[in-house]
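Q: Protein chains in written order, with our numbering: chain A, 53 to 297; chain B, 374 to 623.
Since no wrong hints were added, every one of them can be taken at face value.
Within a straight-line C-alpha distance of at most 25 Å, the following computed SDA-like cross-link-like pairs (lysine to any residue) qualify:
#1 B:K573 / B:Q530
#2 A:K286 / B:K424
#3 A:K174 / B:G519
#4 A:K174 / B:L491
#5 A:K174 / B:S447
#6 B:K424 / A:E234
#7 B:K424 / A:E231
#8 B:K523 / B:K552
#9 B:K584 / B:R608
#10 B:K523 / B:P542
#11 A:K174 / B:A455
Keep in mind that the hints were calculated from the coordinates and are not lab data.
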Amino acid sequence: MTTPSNLRGATRKAGSVVPWISNRQLSFCGGGADSFLPLRFAPTFPGATRLTDGFKPTLPAAPQTFDCESALAACARGDRDALHRIYQFESRRLLGVALRIVRERALAEDVLHDAFMNIWTKAASFNAQRGSALGWIHTIVRNQALSVVRNNGREVSADEEAIEALEAEQVAHAAPMTELFEINADIGRLDECLQALDAPKRNSILAAYLDGCSHSEIAAKLNAPLGSVKAWIKRGLLSLRECMA
Amino acid sequence: MNSNVTSADDIQHLAGEYVLGTLSAASRAGVEARMANDAALRTAVEQWQEKLAPLHALVEPVEPSPQLWSRIESSVTAQAAATKASALSTRTVQPDVTPISTWWNNLRLWRGLAASGLAATVLMGFVVVTKLAQPPAPGYMVVLVGPQDKSPGWVVQAGTNSQQARLIPLGKMEVPVDKSLQFWTKGDDWKGPVSLGLVKPGQSLEVPLDKLPPLQPNQLFEITLEPYNGSPLNRPTGPILFIGRAVKII
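Put together the whole structure using the sequences plus the hints.
A: Printed below as a string of structure tokens:
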């Protein structure tokens, strides 16, 4: 590794330089903020508390008696009770999804509000040929949450302290990458395909999908060069596609 | 992400990154606009959505605050009242038949158009009052509004039999140096939008219409954000910035 020239005077120890950190931004995506978030899987980043210790799933498999597709069709006809039924059935999971991405309770509720308005106004455009009704609803919520974090530019500038902390962390944990996520629910074939990936690819993909992290946020979170993260995600996606084909 | 990727692998990669959520706001908007016309990309996105959806099972549910549903309900009520007032917004959708179905099905857009109709009416009143002394009023007027906030950004005026339309800015806007604004129109029965050329922010533009069929009521006009010097294809590839429909002026 070469010594970076623009680390703004951050203290460096031999062998611990992170040349790519200088121009990059650190983010709230992941990191310490995880500790207050409800997780069904734990951050196992070195030193992190394992929140899943002793965890037992509180939700049984979703009662699939709810006919989301019919409810959407009713929404399209202007039936507001149908929208309420969707809300009653899925809002807790949807809020969980939004909260993981936007990380602020009030913001997550705003996301859910806007998403339900979208569900209401776009219900007529749902097409069962193109995917499940529940998947469609989740996509709307995720898109809404992602547009909030992408448009707000959630990133903060790296300060000296953060750079040092990251370097120190790198020294302490230069070993093989640990798992950031633990899969504690039955997600079927996707689980096998994720397990077939190496840890960096798996971590990158899960951090992106579940926490709404951008490439640079993942790079900060994994303490890895941006180029590597991009390559991991690209190859990880390719492997997943082949595995799930 | 550039908008010219064509290979199947590139499309899969772009769709995968889009669904993962790693793209910037601008790239996301680009993909969404492109999906409207690109069936392969749309299919790839839908496949990735299905593949990754099981991951939601990993997220711990969170109980919403009791007020949240009331908020949604009152917004829906307000919105439903607005919809009732607008015949446009109840226009039926055409899920699969048209490649432009994504934005075509966007009710928000139609509401925007309804709002633009209202804005056009208001503006027409203004024009009629201020231009009484002038020769006959133009035959058509379009107010182009932002699809999200519905704020008017441009006005199009054209005479009924005129070979020209005039695009007039209502305000200033910033365009990134590597991007251009492009002006498009589409009649109800046309196959796709037709480019009316590049637009400079804050500047009026005279647009020749002699190569096009006569203007029709309800004809769609829009301004999209495109790569520098315009879309590489003969259709919009970037996000819609302003949109509106022609209103006939008596």
